[in-house]
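Top to bottom, those sequences are chains A and B. Counting with this note's numbering, you get residues 1 to 324 for the letters of the first sequence. Counting with this note's numbering, you get residues 325 to 572 for the letters of the second sequence.
If you're looking for bench data, these hints aren't it; they were derived computationally from the structure. One should not assume that every hint holds.
[Said to hold, decoys possible] Just a few of them, taken from the derived set where beta-carbon distance is under 10 Å, the chain B residues facing chain A:
id	residue
1	L453
2	T491
3	K501
4	E523
5	E524
6	K525
7	I528
8	V532
9	G548
10	I550
11	D554
[Said to hold, decoys possible] Cross-link-like lysine to any residue pairs, in silico, SDA-like; alpha carbons within 25 Å at most:
id	chain 1	residue 1	chain 2	residue 2
12	B	K563	A	K110
13	B	K570	B	G546
14	B	K512	B	P526
15	A	K290	A	L321
16	A	K12	A	G127
17	A	K281	B	Q390
18	A	K281	A	D126
19	A	K110	B	M457
20	B	K392	B	R405
21	B	K347	A	D126
22	A	K288	B	V562
23	B	K475	B	K541
24	B	K512	B	K342
25	A	K110	B	A536
26	B	K392	B	D336
27	A	K290	B	P509
28	A	K125	B	G552
29	B	K475	A	E189
30	B	K347	A	E87
31	B	K549	B	K570
32	B	K392	B	H432
33	A	K288	B	E560
34	A	K12	A	D126
35	B	K512	B	P543
36	B	K563	A	V271
37	A	K15	A	E87
38	B	K342	A	V271
39	B	K468	A	G127
40	A	K15	A	V271
From a predicted model like this one, the values you see are computed outputs, not experimental measurements. Yeah, the Cβ is synthetic: ideal placement off N, Cα and C, and Gly gets one too.
Residue strings, one per chain:
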Amino acid sequence: MHILAFAEQREKQLKKSSFETVQAAKGITHQLGARLTVLVVGSDIEGVAAALGRYGADRVLVVDSPQLERHSSTAYAKAIAEVAAREEATVLFLPASQMGKDLAPRVAVKLNAGLASDCVALHVKDGEVVATRPVYAGKALLDVRVTSPVKVFTLRPNVFTATPTDGAAQVEKVAVEFSDSDFASVVREMKVAAGRPDVTEADIIVSGGRGMKGPENFHLIEELADVLGGGVGASRAVVDAGWRPHDEQVGQTGKTVSPTLYIACGISGAVQHLAGMSSSKYIVAINKDKDAPIFQVADYGIVGDVFEVVPALTEELKKALGKG
Amino acid sequence: MRIAVCVNHVPDTETKIKIAADKRAIDPAGVNYMLSPYDEIAVEQGLRLREKFGGEVIALGLGGEQHKETLRKALAMGVDRAVLLKDEAERDSFAVAQGLAEELTALHPDVLLFGRQSIDYDSAQVGTLVAEMLGLPSVAVVVKMEVEDGKVICEREIEGGHEVVETQLPAVFLTQKGLNEPRYPSLKGIMAAKKKPIEEKPAIAVDVRVEAIVMHKPPAKGSGKIVGTDKSAVPELVKLLHDEAKVL
């Protein structure tokens, strides 16, 4: 059996979620007694591929073409499906990043494969992969099996571990032919927001809700996030009120997040918000209402005024982390 | 411009999930269903495109009789007509996409709109699967969309920023919150929707590739520790985060 893992690079940088995907794929490969190949696609990226050896890849294939300088999902999907078919890979893993979620369905159709997306756990039972995926924004978990001959899985970022080892990979270049029709859509430019990590990738998230009383008070949230090197999140109520941008919204109609630490400030904890963040490893809640549902999922709570507690926490952390 | 919008009928976001006796899905008893919020944004986008470029907007649903409720909502918002591809069986995303793709091949729209994901199974697959099945380009998680000279310039959300994507038409777009603010159906719209047709036809039968084994609740969080009731608790909190949780 041959397993193929896709490692995403952006701007010639491999993403952490790719290391997580490769290491998870390596674990499954081992359990199935299979062989693992990792694929990197892009332009002028041969040099970045070797780093994958430290996460369990023995063999890395690189589709490196100047035509891929600008990302095109149709061309990338073609490269992945073609290499998978050539290598006779029957199990594919991709990160459930925005790029992975865009590519996996196309790859699945090309390979006539079933796709289980956004998996948070994998195990092997009776020689096949069983994947656990959150449904209803994490209100429930569903164990699934893929029954088609070729199976595709995407893995949620920030859930699987990526621990570097001293392994090394053998990197090989492989060619895929592209035609103009493979570039029916292309990325013209990237607008990268400066500074804080995105909530889907952040290890620490500081989130604010209606208890912050207005957009002018969110600097308190930002300052706390910055001391921790974390991302800024928001509840649906404050996004709908226009206090914060949509891309910060955590919850069922926003982003589902799994950081190591989630600090909820002035968030009461509506069902749809809890669904999106309760898989965080540690949750801190700061809210003046002791009956707020957020305290039911919080590991640590302070029942108090966010306008006193949050700045005090920022100051204390500055001291503790030597940033004061 | 012919615009097709695919919509799904899903449990309300405030729903507390109860797992059904067979442990393979949720128990639908007492659950309120609604038009999936991202699909509502897709409907709104379809209406705005029609307002600008003329043409018609067709809403497409796949599922049981109850999906008519959601199609009715799309009609009330202003969609011209609706098609329900009827199927009571359990389908995975691939099978839903195959059903929709079959109908969309016949409809031949210029613009195909989907929500970026349904808020039930959260697979975020159907729109892109359909695009690949029809051999069309697609842009997912769209927060900005401008049509000019048969080309569409979109901004899509990625981790920590936006990608500006250029595509030709016909194409598939998966809409994200922030693209527009969906309108509320007017009373006139609601009345008119009652007279608009919902065409029904059976969805093509296909195999399911992703099988549910068991649905379970996430491990319950033990009730946490209230560290204190004002800012004097902050040093203790930091100590716990450092020594006990080891997250600092």
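Against the structure, the hints come out as follows:
The restraint placing L453 of chain B at the interface with chain A holds, with a minimum CB-CB distance near 4 Å, inside the 10 Å limit. With its C-beta approaching chain A no nearer than about 4 Å, T491 of chain B sits inside the 10 Å limit, and its interface hint holds. At its closest, the beta carbon of K501 of chain B sits 5 Å from a beta carbon of chain A; the interface hint therefore holds under the 10 Å criterion. This hint is violated: E523 of chain B has a C-beta 27 Å from the nearest C-beta of chain A, more than the 10 Å allowed.
Here the hint on E524 of chain B is broken, as its CB sits about 27 Å from the closest CB of chain A, past 10 Å. Nearest Cβ of chain A to the Cβ of K525 of chain B: about 23 Å, over the 10 Å cut. The hint is violated. Interface restraint check: I528 of chain B against chain A, minimum CB-CB distance 16 Å, threshold 10 Å, status violated. For V532 of chain B, the suggested interface contact is upheld, since its CB lies about 7 Å from the closest CB of chain A, less than 10 Å.
With a least beta-carbon distance of about 4 Å to chain A, the hint placing G548 of chain B at the interface is held under the 10 Å criterion. For the restraint placing I550 of chain B at the interface with chain A, the shortest Cβ-Cβ distance is roughly 5 Å, inside the 10 Å limit, so the hint holds. A least Cβ separation of about 5 Å between D554 of chain B and chain A falls short of the 10 Å threshold, and the interface hint therefore holds. For the given pair, K563 of chain B sits about 53 Å from K110 of chain A by alpha-carbon distance, which is inconsistent with the 25 Å threshold.
Taken as a hint, the K570 of chain B and G546 of chain B pair is honoured in the structure, with Cα atoms around 18 Å apart against an allowance of 25 Å. Between the alpha carbons of K512 of chain B and P526 of chain B the distance comes to roughly 31 Å, so the proposed pair goes past 25 Å and is violated. The hinted pair formed by K290 of chain A and L321 of chain A fails the criterion: a straight-line CA distance of about 29 Å is larger than 25 Å. Our distance criterion of 25 Å between C-alpha atoms is broken by K12 of chain A and G127 of chain A, whose separation comes to about 36 Å.
Pair hint K281 of chain A plus Q390 of chain B does not hold up; C-alpha atoms about 38 Å apart against a cutoff of 25 Å. Simply put, K281 of chain A and D126 of chain A have alpha-carbon atoms about 30 Å apart, too far for the 25 Å limit, and the pair is violated. Using a Cα cut-off of 25 Å, the hinted pair K110 of chain A and M457 of chain B holds, with the two alpha carbons roughly 9 Å apart. Distance restraint check for K392 of chain B and R405 of chain B: the Cα-Cα separation of roughly 12 Å lies within the 25 Å cut-off, and the hinted pair is therefore satisfied.
Among the hinted pairs, K347 of chain B with D126 of chain A is consistent with the structure: their alpha-carbon atoms are about 21 Å apart, no more than 25 Å. The straight-line distance between the Cα atoms of K288 of chain A and V562 of chain B is roughly 19 Å, inside the 25 Å bound, and the hint therefore holds. Under the criterion of a C-alpha separation no larger than 25 Å, the hint pairing K475 of chain B with K541 of chain B is inconsistent with the structure, at around 45 Å. This hinted pair does not check out: K512 of chain B and K342 of chain B have alpha carbons roughly 37 Å apart, beyond 25 Å.
Between K110 of chain A and A536 of chain B the CA atoms are separated by roughly 23 Å; this keeps the pair inside 25 Å, and the hint holds. A distance of roughly 16 Å separates the Cα atoms of K392 of chain B and D336 of chain B; the hinted pair therefore holds under the 25 Å criterion. In summary, the hint linking K290 of chain A to P509 of chain B is not supported, as the alpha carbons are separated by about 39 Å, beyond the 25 Å threshold. A C-alpha spacing of about 46 Å is found between K125 of chain A and G552 of chain B, which places the hinted pair above 25 Å, so the restraint is violated.
Of the supplied pair hints, the one linking K475 of chain B and E189 of chain A holds, its CA atoms being roughly 16 Å apart against a limit of 25 Å. Among the hinted pairs, K347 of chain B with E87 of chain A is inconsistent with the structure: their alpha-carbon atoms are about 37 Å apart, more than 25 Å. Between K549 of chain B and K570 of chain B the CA atoms are separated by roughly 16 Å; this keeps the pair inside 25 Å, and the hint holds. Only pairs whose Cα atoms come within 25 Å are accepted, and K392 of chain B paired with H432 of chain B is accepted, the gap being roughly 22 Å.
In summary, the hint linking K288 of chain A to E560 of chain B is supported, as the alpha carbons are separated by about 18 Å, within the 25 Å threshold. Between K12 of chain A and D126 of chain A the alpha-carbon distance is near 39 Å, which puts this suggested pair outside the 25 Å criterion. Only pairs whose Cα atoms come within 25 Å are accepted, and K512 of chain B paired with P543 of chain B is rejected, the gap being roughly 47 Å. With a CA separation close to 30 Å, the supplied pair K563 of chain B and V271 of chain A exceeds the 25 Å bound.
In summary, the hint linking K15 of chain A to E87 of chain A is supported, as the alpha carbons are separated by about 24 Å, within the 25 Å threshold. For the proposed pair K342 of chain B and V271 of chain A, the alpha carbon gap of about 13 Å is at most 25 Å, so the pair holds. Using a Cα cut-off of 25 Å, the hinted pair K468 of chain B and G127 of chain A is violated, with the two alpha carbons roughly 45 Å apart. Distance check on the hinted pair: K15 of chain A and V271 of chain A sit about 31 Å apart at the alpha-carbon level, beyond 25 Å; violated.
Checked against the numbered hints given earlier, the structure breaks hints 4, 5, 6, 7, 12, 14, 15, 16, 17, 18, 23, 24, 27, 28, 30, 34, 35, 36, 39 and 40 and satisfies all the rest.
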